[in-house]
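Just so you know, the protein sequences line up as chains A and B, in that order.
Numbering-wise, the first sequence is residues 1 to 87 according to our numbering.
Numbering-wise, the second sequence is residues 88 to 356 according to our numbering.
Hints should not be assumed to be uniformly reliable.
Derived coverage of chain A by chain B (criterion: at least 3 residues anywhere in the stretch with Cβ under 8 Å from a Cβ of chain B; other residues may be distant) [unchecked claim]:
| id | stretch |
| --- | --- |
| 1 | 24-32 |
| 2 | 40-53 |
| 3 | 62-68 |
| 4 | 75-84 |
Dumping the calculated PhoX-like pairs for lysine-lysine here, alpha-carbon to alpha-carbon at most 25 Å [what the hints assert, rightly or not]:
| id | chain 1 | residue 1 | chain 2 | residue 2 |
| --- | --- | --- | --- | --- |
| 5 | A | LYS67 | A | LYS40 |
| 6 | B | LYS175 | A | LYS40 |
| 7 | B | LYS221 | B | LYS244 |
| 8 | A | LYS26 | B | LYS243 |
| 9 | B | LYS331 | A | LYS32 |
| 10 | A | LYS29 | A | LYS40 |
| 11 | A | LYS26 | A | LYS48 |
| 12 | B | LYS331 | B | LYS244 |
| 13 | B | LYS121 | B | LYS108 |
| 14 | A | LYS67 | B | LYS108 |
| 15 | B | LYS164 | A | LYS48 |
| 16 | B | LYS221 | B | LYS243 |
| 17 | B | LYS331 | A | LYS29 |
| 18 | A | LYS81 | B | LYS121 |
| 19 | A | LYS81 | B | LYS292 |
| 20 | B | LYS175 | B | LYS244 |
| 21 | B | LYS153 | A | LYS40 |
| 22 | B | LYS175 | A | LYS48 |
| 23 | A | LYS67 | B | LYS175 |
| 24 | B | LYS243 | A | LYS81 |
| 25 | A | LYS81 | B | LYS175 |
| 26 | A | LYS81 | A | LYS48 |
| 27 | A | LYS81 | B | LYS108 |
| 28 | B | LYS243 | B | LYS292 |
| 29 | B | LYS292 | B | LYS331 |
| 30 | B | LYS153 | B | LYS164 |
| 31 | B | LYS292 | A | LYS67 |
| 32 | B | LYS121 | B | LYS164 |
| 33 | A | LYS67 | B | LYS331 |
| 34 | B | LYS243 | B | LYS331 |
| 35 | B | LYS121 | B | LYS153 |
Using C-beta positions, here's what the derived DEER-type ranges look like [to be verified]:
| id | chain 1 | residue 1 | chain 2 | residue 2 | range |
| --- | --- | --- | --- | --- | --- |
| 36 | B | ARG113 | A | PRO57 | 28 to 34 Å |
| 37 | B | VAL128 | A | VAL23 | 17 to 23 Å |
| 38 | B | SER189 | A | ASP79 | 28 to 34 Å |
| 39 | A | LYS26 | B | ILE241 | 25 to 31 Å |
| 40 | B | ARG113 | A | VAL23 | 57 to 63 Å |
For the record, the hints were derived by calculation from the structure and aren't laboratory data.
For every residue, glycine included, the Cβ atom is placed at its ideal position computed from N, Cα and C.
Each chain is listed here by its residues.
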Amino acid sequence: MRNWVCIAVSSTFLIGCATAAEVWLKDDKLVKSVEEQVHKLQPTRQEKRFDEIGWAPGILAAEALAKQQNRAVFLFTYDGKIDTGRC
Amino acid sequence: MPVTSSNETVEANGSASPEEKAERRRIYNDFYGKGLGVGDVHVYILAPDRSSVGGLGIGNALEAEKMIQMLEATAQKLHIVGGAPAIKPRPRSVPPQSDAASMVFHLTARGNRTGSWREFPSENWIVLSGPESKQLLPTSPVALRTSWEVPAEIAKKFYQWFYPQTEDTSIVNRSRIEQESMRMTVVTLENGMARARIEGALRMKHTFYPGRDTDEFVSATVLGFMDFDVAQQRIQRLRMVTEKAIYGQEPFGVALRSVSRETLRALME
Chain A
1 MRNWVCIAVS STFLIGCATA AEVWLKDDKL VKSVEEQVHK LQPTRQEKRF
51 DEIGWAPGIL AAEALAKQQN RAVFLFTYDG KIDTGRC
Chain B
88 MPVTSSNETV EANGSASPEE KAERRRIYND FYGKGLGVGD VHVYILAPDR
138 SSVGGLGIGN ALEAEKMIQM LEATAQKLHI VGGAPAIKPR PRSVPPQSDA
188 ASMVFHLTAR GNRTGSWREF PSENWIVLSG PESKQLLPTS PVALRTSWEV
238 PAEIAKKFYQ WFYPQTEDTS IVNRSRIEQE SMRMTVVTLE NGMARARIEG
288 ALRMKHTFYP GRDTDEFVSA TVLGFMDFDV AQQRIQRLRM VTEKAIYGQE
338 PFGVALRSVS RETLRALME
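Generate the whole structure from the sequences, applying the supplied hints.
Spelled out as structure tokens, the structure:
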């Protein structure tokens with residue numbers, strides 16, 4: 001009896017999972033060609049090397065860490081939003 | 088300790104704290120007083136005790152050899168020993184906070200020229216609220232070839248950023264759309280899911296420099312698709328790219344993609 005209960009519970013769970021699974025339409029010619037263009041325009045790893053630097057959140061935080069760890073402060077000032085290249 | 092500081096944030100009405108603004112001013116004044124060179128777009132080097140050491144104007148800072156030479160000389164002079172980053176590196180371009188009902192889109196734009204303003208692509212994060220994103224969907228029953236026009240105020244949320252890298256010193260968008268269209272047509276309908284083909288066109292004025300009334304226009308055609316759950320009125324994914332896009336005389340490209348909640352969570356970690 002206990003086994004039947006387990007099977008029934010498992011089956012209900014699996015049916016639930018299958019129902020909840022997201023349905024995706026197959027990629028067609030349009031999707032493939034648009035996705036290819038999207039991919040081509042994305043920032044490259046080389047263009048994102050800026051993200052490999054551990055930037056301090058602000059000047060005061062940078063100065064506090066510099067003092068604590070005996071490091072120099074490299075401060076870059078700029079116009080706009082350098083994070084997104086709209087600058 | 089590397090740190091960046093946007094000039095707008097330290098202006099009188101800028102978002103930086105009063106203490107941060109005061110420190111930026113102190114650094115500028117100290118460099119100026121000591122004749123070490125100053126500039127709006129500039130590299131300033133400070134010793135661990137906050138004293139001014141030296142710097143580079145943006146012209147020289149763009150030359151890797153000069154930058155490396157200056158950094159190595161500074162490290163030697165200050166007896167700085169190399170080590171692991173004090174702060175864990177993380178992506179700088181991150182999506183803004185948004186609620187679960189909203190949709191977040193990422194836009195990349197790049198002009199075909201090379202040189203200044205073209206070394207890196209531009210990015211934008213665009214958020215449509217729940218009710219706004221619903222306006223991308225059709226209001227009539229969905230069948231194959233059902234076609235609808237996206238409301239102009241929603242299309243504008245995307246289109247206003249369809250321009251290559253220009254001088255952007257403010258977060259305020261200065262684009263002026265003169266003509267736009269964004270039409271969706273259902274091309275696939277299977278298992279309760281629909282795919283709409285997106286076709287659009289745009290003519291927009293966007294001056295290269297803010298505050299200058301020059302005649303620089305974007306002219307573009309757009310192609311894309313949107314997959315959505317018909318019954319639940321839920322958008323699964325949306326992609327758009329420029330087909331033919333010209334800014335002034337320069338061809339450029341824009342890609343717009345919806346970002347899933349899972350990806351957003353991963354980016355925010």
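- Query: What are the numbers of the hints that this structure violates, sorted from low to high?
  - Reply: Failing hints, ascending: 5, 6, 8, 11, 15, 18, 20, 21, 31, 33, 36, 37.
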